[in-house]
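Here the protein sequences line up with chains A and B, keeping their order.
As numbered in our numbering, residues 3 to 419 make up the first sequence, in order.
As numbered in our numbering, residues 811 to 1144 make up the second sequence, in order.
For the record, the hints were derived by calculation from the structure and aren't laboratory data.
All clues given are correct.
In silico DSBU-like links for lysine-lysine, alpha-carbon gap of 30 Å or less: (1) A:Lys207 x A:Lys402; (2) B:Lys1072 x A:Lys417; (3) B:Lys857 x A:Lys207; (4) A:Lys376 x A:Lys106; (5) A:Lys417 x A:Lys402.
All of these numbers come straight from a predicted model, not from anything done at the bench.
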Amino acid sequence: MDLDPSAPPLRLHVPEPTGRPGHATDFSYLHLSPAGAVRRPAIDVTPASTADLAFTLVRVLDDEGQAVGPWAPPEDLPLLRRGLRAMMKTRAFDARMLIAQRQKKISFYMQCLGEEAIACAHALAIAPGDMCFPTYRQQGLLLARDDVAMAEMICQLMSNPRDPMKGRQLPVMYSYQRAGFFSISGNLATQTIQAVGWAMASAIKGDTRIASAWIGDGATAESDFHTALTFAHVYRAPVILNVVNNQWAISTFQAIAGGESTTFAARGVGSGIASLRVDGNDFLAVLAASRWAAERARANLGPTLIEWLTYRGGAHSTADDPSRYRPADDWQHYPLGDPITRLKQHLVQQGAWSDDEHRQVQAELDAEVAAALKEAEQYGGTLIDGHVPPLETMFEGVYKDMPAHLVEQLRQAGKEA
Amino acid sequence: MTMIQALRSAMDVMLERDPDVVIYGQDVGYFGGVFRCTEGLQARYGKHRVFDAPISEGGIVGSAIGMAAYGLRPVVEVQFADYFYPASDQIVSEAARLRYRSAGDFTAPITIRMPCGGGIYGGQTHSQSPEALFTHVCGLRTVMPSNPYDAKGLLIASIENDDPVIFLEPKRLYNGPFDGHHERPVVPWSQHALGEVPEGHYSVPLDSAALFLPGAAVTVLTYGTMVYVSEAAAAETGIDAEIIDLRCLWPLDLDSIVTSVKKTGRCVIVHEATRTSGFGAELAALVQEHCFYHLEAPIERVTGWDTPYPHALEWAYFPGPARVAAALRRATEN
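Next up, chain B with everything else stripped away, as it sits in the complex (with noise of 0.2 Å):
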């Protein structure tokens, strides 16, 4: 599968099982959504479980509140990561605190599916990763998939949770893995290991990371698209790095991050959201506090920069395997 067909695969799977569970968002019904992600689900299980929502994102997130307060387990779609921002009062304010403001009187188990990042020329508000604006909000947990499988068991594990999940999905990595050579031909995702998905129900834990590549020279903390950017540079330059596809940003899996440093003493953060109070400040911080004694060289961070997500200049912008490998060898220089 690809990981919009195993994405699609998620909601059908928890349409048919969960009663409960409905479907919305704009263009999600008849259409199936700009990136098909929803193809067919409004002709399998009707109207009234798949639909056509207005262009309110406020809207979108505020009545799937209402819903979840009701009872069921809305899992809405935001077009865009970009186009999120109407919708932060809802988010913030509301499905992140509601539990906690109501003594667990209410809840709100949502999951708001939004694809995100860049490398695909899509300019300012087509490319951004908002990530850290979620995982600084508590109440709210933050989940991104790097392939297929992922996609689709942990889709159904944010969908059955009971807290409100910010499900960002790679829009890069929707149709093939991407290393960052945009120059080469995209290879499909039927050509890759990962695109093995199971038809049927199963979950991919939440608060998990994956050990992608097993290394013992340095760390490379990093999630979505710069998962296989992170794969390249390690290749091209030889380096034995150890890639951890973190998945799950807040809560996120402590434990396997402090092992790997523990082991190599050298680390790497990549994304490709912008740099100054990104997440990777955040990971650097903890790997400071609770790998300080192991570490044998400074925290290099591989970011976005500082500047709106450019169009004309999109590889400059977008933090390619030649900026990964330049800091593998700065982080495993000494």
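Extracted from the complex, chain A is given alone in its bound form (with noise of 0.2 Å):
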């Protein structure tokens, strides 16, 4: 066949987020679900049957604060009060954090804002044991359960000679196999596939324990994602596949991910795999996708993806200027809002909070981070005032046993410095 030479010229599709600086982005590509319209499917769902909630949005909290619809989460105000907490916590840490990078106590720090909800009702989901594969933005996962002492994640934030890392790894890059939160990576996407493998492990030992793995939406691109999605199917994995769609990775617009037109949830569907699409911001609606998503992987069920809709609500990193590519007011016009004010909100009507308790609880995590940053500061000092770990730190646990080249350049190091 002979080209038709009156054919329009073929031109390059390159999306573009709708608002940029100075200029208000429109949030309709979202497709947002009124809350409780989402049906609740049975947890042996087959996962071409979930094909409509990958599109849809399921959330629990309406617009007044109620609870409503069939994802609704039984009542449990003692947990949702800890929850509450438990994102404030986060919060109040991160904020504390950025300061201390602003004075130089820390090198670079990396806040979760808007975000909380998603790793902290999701901590209170799944069960001890479990472990999680997150990334750099789900320090929530650790905050929420109490089980790690904030002192302790602030030496390693601080890289001093009481860093756990041992001044190893970047702040934030945490490691507690304890608190099941599995050792963070600067490489992106590389723990799905490694959570898979552990639910493997987990079925191949006939263990009750399954796996969580965190990715955001620009590291789905990354080929560890398709890889993961592809083994957690092949062999049914007990693992729970969380996709934090924040609509921005560094600069770049969810789209350029490949979120134009289609959705991240969609993929574990043409993947075989359970998948749900999720109000992040909504405390409710992601404790109940956790738990139906845990349950399922616990009963040999096999796999579930979710997709979190949320916002990235502050910079990248420390290192990141946000108003250089997004309008600078973006958050406040996100209509998923704010997790904490919505769970405070709905909280409130159930006579389970006050603004007097929110002041009041705010003013003990922010004195509670406070103490630990001093306390982080008094075990080992911070970067700014030259506290490192030692020398010989930097070449063991290379290997489990120091080899002959190792101590040899130990030894010249030792010399030399």
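Once you've looked at the hints, go ahead and assemble the two chains, each given alone in its own frame, into the complex.
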């Protein structure tokens, strides 16, 4: 067949966000569902039949703060109070660490402003012994459960001699096996397939523990995300695959990651994995969906992919200035709001919270974080005053036992230092 | 045993001894591997211990790291070393660094088996020797056996080792030793002393070299198929070469190397891999650093050319006995 000389020239499509600095975002691309509108299938649902759930949005809290619809979890006000406190604690921690970074007590920091509900509710939905494979923006998993001392986390941020990672890792790259929190890597997406492998191991050993994998919207474009979906599906691994869609990968809008006219939840269905798309700023929805997926995995029914719809309220990191690529007031206009405000509204309506209590808890948490910071500084000092781990720790742990060439290099380094 | 049988025996022994050992990879399960290295293991130990994997090197290695973090001891296969590249990120950024970055909170005691090397008309993607890409990575152990006895002992040691091990298997040596004389019939391992392999458990220590052939005139540092090529070259030149089979490329047995070169005063390095920034460069640098005042001639390197591995020009590329012989002569001339 000959080419038609009158055919229009082909054009490369490069997605753009609707909002740029000085121009408001049109959030209609999110395709939101009203609270309570999306069905809740049985946990033994076939993956193919979750196709509609991958294109709608599971929500529990409505605009008035009422818990509505089939996903509303059984009323458990003490747990929700704990959840609100966990989110407030995470935000207070982030806020104080941002200041500490500006004061040069720590070299780098990444906050999770606006995304607190996802990690905090998820942490309360899974069981002790389950293993999370987080990214650098799930500090809520650690802060929600109160089983890791805040001062110890801050020592990691300070890379001081009390840093459990011995100053080897950038700040926020925590590792807490005892708290079910896998070592964070700087290389994106690698942890998703590792989580699937961990889950496969649990199944191989006939264990009852499950894995929970975490990834952001941007990192879904990495090959390991695809790999994780394939292996999770093939081996029916007991894993929850969490995609935190906060709309932004540093400066890149989620459409450039492949989110235009589709959803990240849809990838799961395409891979034969039961998938949900959930309001990530709705603590009750996160709790309910996480429990559903955990129950499904624990019952040997296979993996679940959950796309958590949220918004990255803060800068990507302390090295980033979002005003250069998105509207400064974008978060204020994000239609799913602020997870803390929304859960607070719900609890106030239930008579289980008040403005006074909120202020009081906020003050307590600020004091707790300040005390932990002080404790960490007293323990080991900070980067700014030259408190770093001893030289030999640089050579230890590359291998289980230090091989001869590293013994020699340690000797040389000691002589030259 | 052939090298294939020896490797299979090592995996059999470890599956039997350690319930945390699992084996998987592409075509590894039911079919028993494209080289038969895992034949019968799935039937014996079940699909939960030995199984087939999707064609995804990154997925195979990445899932193995997750299994290791759980507490298993995975032994995974990449069908050809030429196909490890999609797993590079998991190997370099994850397996090699997990212990270090988590300060021992998590570790990756995995073994990654990869058939490597040329001399089989494998062309560009069935012949490569990528060992230098691993020896450069801190946190990895890189091992390459040259005979059935070592293959079994080193593989058992690798599986038992708590560090991640890249286990390179010269496929040219799977069925018998090969000295580069492609015009002659191949002798099977059943007619070679190193084909004698004990049935049960034994190991060959990692970071130990083997003195393959004692000699006094020149030290040959080599490994894999090139051990036999070097042996043939020594025999054909009549040069009293001392051939050291490194076995463990990194960490390596520096003492054996230094002792030998100080004795002979001359050194020839032989590997199949391409020359520039190949592992031979590290060996040459180590010899220079540790044996400088004992050297009586420049260090020679006989390697693959700095080209992709060709198909038609296999024997012009493969560093055969004639090329090694010429280097032995150059190194011992003065």
